[in-house]
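Using the numbering used here, the first residue of the sequence shown is number 45, and each one after it goes up by one.
I should point out that these hints are in silico values taken from the structure, not numbers from a laboratory. Just to be clear, a hint being listed does not mean it is correct.
[Stated by the list, open to error] Okay, the calculated beta carbon distance ranges per label pair:
{"no.": "1", "residue 1": "S198", "residue 2": "D137", "range": "39 to 49 Å"}
{"no.": "2", "residue 1": "K118", "residue 2": "Q87", "range": "42 to 52 Å"}
{"no.": "3", "residue 1": "L100", "residue 2": "A77", "range": "16 to 26 Å"}
[As the list claims (entries may be wrong)] SDA-like mimics (lysine to any residue), calculated; alpha carbons at most 20 Å apart, straight line:
{"no.": "4", "residue 1": "K168", "residue 2": "V144"}
{"no.": "5", "residue 1": "K206", "residue 2": "Q135"}
{"no.": "6", "residue 1": "K148", "residue 2": "A164"}
{"no.": "7", "residue 1": "K158", "residue 2": "S198"}
{"no.": "8", "residue 1": "K182", "residue 2": "K206"}
{"no.": "9", "residue 1": "K168", "residue 2": "E151"}
{"no.": "10", "residue 1": "K158", "residue 2": "M171"}
{"no.": "11", "residue 1": "K52", "residue 2": "Q212"}
{"no.": "12", "residue 1": "K118", "residue 2": "E213"}
{"no.": "13", "residue 1": "K88", "residue 2": "L68"}
The beta carbon of each residue, even a glycine, is placed where N, CA and C say it ideally should be.
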Amino acid sequence: MKIGEAQKIYREQVREYREQQTALSRQLQDIRARIKDAPEQKQKEQFESEAVTLELTLDALDEKQTEYQDYLDKLSDKYCAYWNATVAEQQADAMEEYGVEMGKILEVARRIMKGGIVPAADEKKLMEFSFEMYQTAKNIGAMVRREKKEEYDSLWGDEEEKEYDDPQEVAENAQASPGAPEVVSAADTMAAAGES
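Work the whole structure out from these sequences, hints included.
Shown next as structure tokens:
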């Protein structure tokens with residue numbers, strides 16, 4: 045089962061269990077009020093028996109809901125790990141690309157300062173990065189150019205843009221942890237607690 049699917053299922057289970065717990069808590073409060081107001085001992089004992097049954101059912105619901113919530117917490121940790129790994133990979137690629145780009149920009153500036161002739165596209169990239177660096181390189185290059193000229197090919201060839209995976213999609217589609225608790229409806233848990 046995928047993490048995204050498991051999260052959806054178990055969030056729904058937790059919600060269902062909480063709703064049942066709220067309803068049963070109201071019933072328990074109502075029965076406790078009836079115990080106080082009951083005129084006969086026999087009625088009090090009947091209400092107390094119902095109260096005990098409701099308390100046991102509430103405990104069973106709480107136990108199962110806690111199990112589901114703990115599993116959801118594990119899924120959340122795993123989801124975050126996949127998300128963070130995907131983002132880290134993308135950031136590493138971006139930093140690597142930035143380093144390569146900076147190396148090219150500095151190389152273009154160096155070539156211009158040596159008096160070389162570089163493609164207009166390379167000059168434009170240097171100018172877009174830092175107009176001051178571009179101006180400095182051009183001024184130094186003009187002085188050096190009187191001595192010799194060297195012509196260079198572009199450092200930026202045909203570059204392909206890299207596509208990245210969506211971190212949310214990667215995290216949701218990763219396999220959920222084994223050992224997931226069995227999905228049991230709140231009604232079945234209540235019925236099982238009532239049989240105890």
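Each hint tested on the structure:
Taken as a hint, the range 39 to 49 Å is violated for the pair S198 and D137, whose Cβ atoms sit roughly 22 Å apart. Between K118 and Q87 the beta carbons are some 47 Å apart, a value that agrees with the proposed interval 42 to 52 Å. Taking 16 to 26 Å as the suggested C-beta distance range, the pair L100 and A77 conforms, at roughly 20 Å. Simply put, K168 and V144 have alpha-carbon atoms about 17 Å apart, close enough for the 20 Å limit, and the pair holds.
In summary, the hint linking K206 to Q135 is supported, as the alpha carbons are separated by about 12 Å, within the 20 Å threshold. Distance hint between K148 and A164 is fulfilled; the C-alpha atoms sit about 14 Å from each other, no more than 20 Å. Between K158 and S198 the alpha-carbon distance is near 16 Å, which keeps this suggested pair within the 20 Å criterion. Between K182 and K206 the alpha-carbon distance is near 33 Å, which puts this suggested pair outside the 20 Å criterion.
Taken as a hint, the K168 and E151 pair is honoured in the structure, with Cα atoms around 14 Å apart against an allowance of 20 Å. Under the criterion of a C-alpha separation no larger than 20 Å, the hint pairing K158 with M171 is consistent with the structure, at around 17 Å. For the proposed pair K52 and Q212, the alpha carbon gap of about 14 Å is at most 20 Å, so the pair holds. In summary, the hint linking K118 to E213 is supported, as the alpha carbons are separated by about 18 Å, within the 20 Å threshold.
Under the criterion of a C-alpha separation no larger than 20 Å, the hint pairing K88 with L68 is consistent with the structure, at around 19 Å.
This entry does not satisfy hints 1, 8, going by the numbered hints stated previously.
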